[in-house]
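Each chain, written out:
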Amino acid sequence: MYKYNDFDEKFVRERVAQFRGQVERRIDGSLTEDEFKPLRLMNGLYLQLHAYMLRVAVPYGTLNSKQMDMLAHLAETYDKGYGHFTTRQNIQYNWPELRDVPDMLSDLADVEMHAIQTSGNTIRNVTADHFAGAAADEVADPRPVAELLRQWSTDHPEFQFLPRKFKLAVTGAAADRAVIKAHDIGIRILERDGVRGYEVLVGGGLGRTPMIGKVLHDFLPEADLLPFIEATVSVWNRLGRRDNKYKARIKITVHEHGIDEIRRLVDERFAEIRPTFNGVDQDILRTIEAQFAAPEFKSANTDGFEAARLANPAFRSWTDTNLTAHRADGYAIVSISIKKHGDTPGDATADQMRVMADLARKYGHDELRISHEQNVILPHVHKSNLMDIYQILRVAGLATANIGLVSDIIACPGMDYCALATARSIPIAQQIATRFDELKLEHDIGELKIKISGCINACGHHHVGHIGILGLDRAGVENYQITLGGDHTETAAVGERAGPGFSADDIVPAIERLVVGYMDLRDNDDETFIQTYRRLGAAPFKDILYPKEKADAA
Amino acid sequence: MARAFTPKVITSNLLIEGDAVWFTAKDTWSGDIAEAEFLTDEAHADLRLLEANAQKNVMVGAYLADAKLGENGPEATHFREEFRTRGPSNYAHGKQVEQV
Numbered sequence: 001m002y003k004y005n006d007f008d009e010k011f012v013r014e015r016v017a018q019f020r021g022q023v024e025r026r027i028d029g030s031l032t033e034d035e036f037k038p039l040r041l042m043n044g045l046y047l048q049l050h051a052y053m054l055r056v057a058v059p060y061g062t063l064n065s066k067q068m069d070m071l072a073h074l075a076e077t078y079d080k081g082y083g084h085f086t087t088r089q090n091i092q093y094n095w096p097e098l099r100d101v102p103d104m105l106s107d108l109a110d111v112e113m114h115a116i117q118t119s120g121n122t123i124r125n126v127t128a129d130h131f132a133g134a135a136a137d138e139v140a141d142p143r144p145v146a147e148l149l150r151q152w153s154t155d156h157p158e159f160q161f162l163p164r165k166f167k168l169a170v171t172g173a174a175a176d177r178a179v180i181k182a183h184d185i186g187i188r189i190l191e192r193d194g195v196r197g198y199e200v201l202v203g204g205g206l207g208r209t210p211m212i213g214k215v216l217h218d219f220l221p222e223a224d225l226l227p228f229i230e231a232t233v234s235v236w237n238r239l240g241r242r243d244n245k246y247k248a249r250i251k252i253t254v255h256e257h258g259i260d261e262i263r264r265l266v267d268e269r270f271a272e273i274r275p276t277f278n279g280v281d282q283d284i285l286r287t288i289e290a291q292f293a294a295p296e297f298k299s300a301n302t303d304g305f306e307a308a309r310l311a312n313p314a315f316r317s318w319t320d321t322n323l324t325a326h327r328a329d330g331y332a333i334v335s336i337s338i339k340k341h342g343d344t345p346g347d348a349t350a351d352q353m354r355v356m357a358d359l360a361r362k363y364g365h366d367e368l369r370i371s372h373e374q375n376v377i378l379p380h381v382h383k384s385n386l387m388d389i390y391q392i393l394r395v396a397g398l399a400t401a402n403i404g405l406v407s408d409i410i411a412c413p414g415m416d417y418c419a420l421a422t423a424r425s426i427p428i429a430q431q432i433a434t435r436f437d438e439l440k441l442e443h444d445i446g447e448l449k450i451k452i453s454g455c456i457n458a459c460g461h462h463h464v465g466h467i468g469i470l471g472l473d474r475a476g477v478e479n480y481q482i483t484l485g486g487d488h489t490e491t492a493a494v495g496e497r498a499g500p501g502f503s504a505d506d507i508v509p510a511i512e513r514l515v516v517g518y519m520d521l522r523d524n525d526d527e528t529f530i531q532t533y534r535r536l537g538a539a540p541f542k543d544i545l546y547p548k549e550k551a552d553a554a
Numbered sequence: 001m002a003r004a005f006t007p008k009v010i011t012s013n014l015l016i017e018g019d020a021v022w023f024t025a026k027d028t029w030s031g032d033i034a035e036a037e038f039l040t041d042e043a044h045a046d047l048r049l050l051e052a053n054a055q056k057n058v059m060v061g062a063y064l065a066d067a068k069l070g071e072n073g074p075e076a077t078h079f080r081e082e083f084r085t086r087g088p089s090n091y092a093h094g095k096q097v098e099q100v
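Taken in order, these protein sequences are the chains called F and A.
Letter by letter, the first sequence follows residues 1 to 554 in the UniProt record's numbering.
Letter by letter, the second sequence follows residues 1 to 100 in the UniProt record's numbering.
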């Protein structure tokens, strides 16, 4: 875990004090809303449909038990007893009052957290693989690089008024769990002939114009990372379209100029600024790396775990879906599902947050992660503790065995909260999860990613869902479009629109038809939805979705 | 050809609490859309919006929203505005708490 130094501490405290003054002046009328709005957005405070929303950064999704306890405290003290974990590894509070927000930020500062740059046209919270530092397939822990990028980008004077928001993601494994190909810049740590370097992707993103990132550099030397990223953002800051917010993202700049021209310009800018990076950044990186040293893993017998698996089918089912291979012998990565059937994806109550914090403290080397899939991870758990953990999670309503399955749905807040949304996404996710729970098919269906967005901005990542659902307003009525074949991993792809949208009443039966139909189409029980889709193409899935049209055409 | 004016209400969010509110004929803000001033004339609606927006220290971002006249007063016609009159659909939070 990164530990704030004196500079970090002072910086965040001063920022809280600044914002407290700004809020006071807004309330007493010294500041107009036009003057105040950019200031509140710089501190992660939005005004939504029913209330304010405070978005708190969880840098690269990493936090400790004390920080999780504080998130619970905020939920209980200033909100309605829960928080919403997002696809950007942040947490959002949906009901704070304006006058309380400075106190919330002050409480966060007590545990080295903040809401800086969780909004606005600046470099946002840097995200990373949620299994960072624990995954068996990892080349290197991506969090030191993410932390270096966070420090570099926070209050960076050149990048506070970018053409649009800018999102960076880092992974240290070949398997992409950080969706790096759908970020403005995606960074993958590589090792070639024993030497570390970075693959840098640029111009990915979802939203109105979904694009998969292109390779800007296939093996960037470690020491060049910061000047190279700075050069890239700098080029975009100059070229990016400020005339049209829908064309302002770097993906459009890359598309309009071409990756070769962007590479030429980045190389040119890099040559200019490289000499100004005198190595301090690398010294800082080494200091940061030392703080992310792996915990001392214990050695213990795992026979009890194996016996419990054999004896308890429910526990076995949970271990089958919610555990991932750890790099240390005898250890596992536990994904805690925040997707209990029928509940709101990503929402955790204050009590649940405290349970997870306690588990991290007692069994998990005091580490937690937030995944972009809106779940919470205990990255380092010895298998001998898994039964105890499972039983505690069960009592807390957190033991749903559905990670990666049909009910592990990403859903943005949609029109239940978001001022930008055009339709609701939460109730659709709730209904789909409930329906498949009733059908008892979830484990037979196997791996399937359903992702739902309540508007074209695609916060729910629908473009990269195996099944994507996009909620729209069609003549004053909620309407849901389905996309098929999306993929958020290292084999990333943007899903294709299946056809006309469905009403709110028809979308859940349509998804059921589609998924049950896939089970008839697959070669065998092990062929996943995306594999079947890639083998057969869209046609048979469209036939399932639109049976009437097919009959009419015959 | 200009689009015909459809009836409106003025709505915004309270500055401190963030609650959705509606502008009444008495120049106050109500949490109940049924108490909103029902605006059927475009010029009058524009004037009232200016007057509503003058209360900058009470609320944020007043705008005109489509409405119809129901049994108890104005009602929202678009689902977005309807949600604002009751709160989110996943929890009994927001205005629906008082309505129950």
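By construction, these hints were calculated from the structure, which means they are not laboratory data.
One or more hints might be untrue.
[Stated by the list, open to error] Heads up, simulated EDC-like pairs for lysine to aspartate or glutamate below, C-alpha to C-alpha not over 16 Å straight-line:
1) K56(A) <-> D28(F)
2) K542(F) <-> D473(F)
3) K56(A) <-> E35(F)
4) K95(A) <-> E17(A)
5) K56(A) <-> E33(F)
6) K80(F) <-> E35(A)
7) K66(F) <-> D107(F)
8) K68(A) <-> D41(A)
9) K68(A) <-> E98(A)
10) K56(A) <-> E24(F)
11) K165(F) <-> D155(F)
12) K56(A) <-> D193(F)
> Tell me, which hint numbers fail for this structure?
Replying inline: 2, 6, 9 and 12
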